[in-house]
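Asks: In order, the protein sequence lines correspond to chains G and U.
Count along the first sequence from 1, then add 1; that gives the number in the numbering used here.
Count along the second sequence from 1, then add 7; that gives the number in the numbering used here.
A portion of the hints provided could be inaccurate.
[Said to hold, decoys possible] Straight-line distance between alpha carbons at most 30 angstroms, and here's what the computed DSSO-like set of lysine-lysine pairs gives:
| hint | chain 1 | residue 1 | chain 2 | residue 2 |
| --- | --- | --- | --- | --- |
| 1 | U | 108 | U | 76 |
| 2 | G | 58 | G | 18 |
| 3 | U | 75 | U | 65 |
| 4 | U | 108 | G | 58 |
| 5 | G | 12 | U | 108 |
| 6 | U | 65 | U | 108 |
| 7 | G | 58 | U | 65 |
| 8 | G | 16 | G | 58 |
[To be verified] Partial list, derived from the structure: chain U residues whose beta carbon lies under 10 angstroms from chain G:
| hint | residue |
| --- | --- |
| 9 | 49 |
| 10 | 109 |
| 11 | 116 |
Note that these hints are calculated values from the structure, not bench results.
The C-beta atom is built at its ideal place from N, Cα and C for all residues, glycine as well.
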Amino acid sequence: GAGVSQSPSNKVTEKGKDVELRCDPISGHTALYWYRQRLGQGLEFLIYFQGNSAPDKSGLPSDRFSAERTGESVSTLTIQRTQQEDSAVYLCASSPRRGNTEAFFGQGTRLTVV
Amino acid sequence: AQSVTQLGSHVSVSEGALVLLRCNYSSSVPPYLFWYVQYPNQGLQLLLKYTTGATLVKGINGFEAEFKKSETSFHLTKPSAHMSDAAEYFCAVISNFGNEKLTFGTGTRLTIIP
């Protein structure tokens, strides 16, 4: 596709359930980011993948959060035992190469935990 | 380590007035700097970026920013605000080596007063 694709665009889940959010980066992009944006707030870094390097997981807020990426393709962010404070828009971005190139963002997944 | 500070979470300017959104960065190595914009209910898009070369960078929609190493700043300006400029603006930094993670500021919400 032409851009970063995220699915689903909206997800409503019950507290305690697990959810999986998917990100399809732009083909050939080596870097992939996940961010969380709570209502009216800024971007909170979650995790960063760069090629075959070990991911930077320093932003994951708890062990309920995990993410995987297969090679330089699709990434999945998993939230286990969701809590109401997990409600947010989850944004994925990809970047074509190291360093000076901007990231391209998807439209996000709006997660609502009820 | 690198970080970004955006002074002023909310800025209001009158239509036609100068827009100035402040961004200061902290980086132990020469940075790459970015401004992103997020219009209501939309994803993030790149306004402009500084990598190397000319320190005054021009972006889309009449915005520009100047990299000032001595002040560790990358403030965003526009000579004359338009109603369509109302949005959230994010400053971001990548250090040009290391894990090269894109780090965002907390954002500034720009309101345009008719």
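Asks: Determine for every hint whether it applies to the structure shown.
Replies: Verification of the hints:
{"no.": "1", "hint": "U:108 with U:76", "verdict": "holds, 20 angstroms"}
{"no.": "2", "hint": "G:58 with G:18", "verdict": "holds, 22 angstroms"}
{"no.": "3", "hint": "U:75 with U:65", "verdict": "holds, 15 angstroms"}
{"no.": "4", "hint": "U:108 with G:58", "verdict": "holds, 11 angstroms"}
{"no.": "5", "hint": "G:12 with U:108", "verdict": "holds, 28 angstroms"}
{"no.": "6", "hint": "U:65 with U:108", "verdict": "holds, 24 angstroms"}
{"no.": "7", "hint": "G:58 with U:65", "verdict": "violated, 34 angstroms"}
{"no.": "8", "hint": "G:16 with G:58", "verdict": "holds, 24 angstroms"}
{"no.": "9", "hint": "49", "verdict": "holds, 8 angstroms"}
{"no.": "10", "hint": "109", "verdict": "holds, 5 angstroms"}
{"no.": "11", "hint": "116", "verdict": "holds, 8 angstroms"}
Hint check: a violation occurs at hint 7 only; the rest are consistent with the structure.
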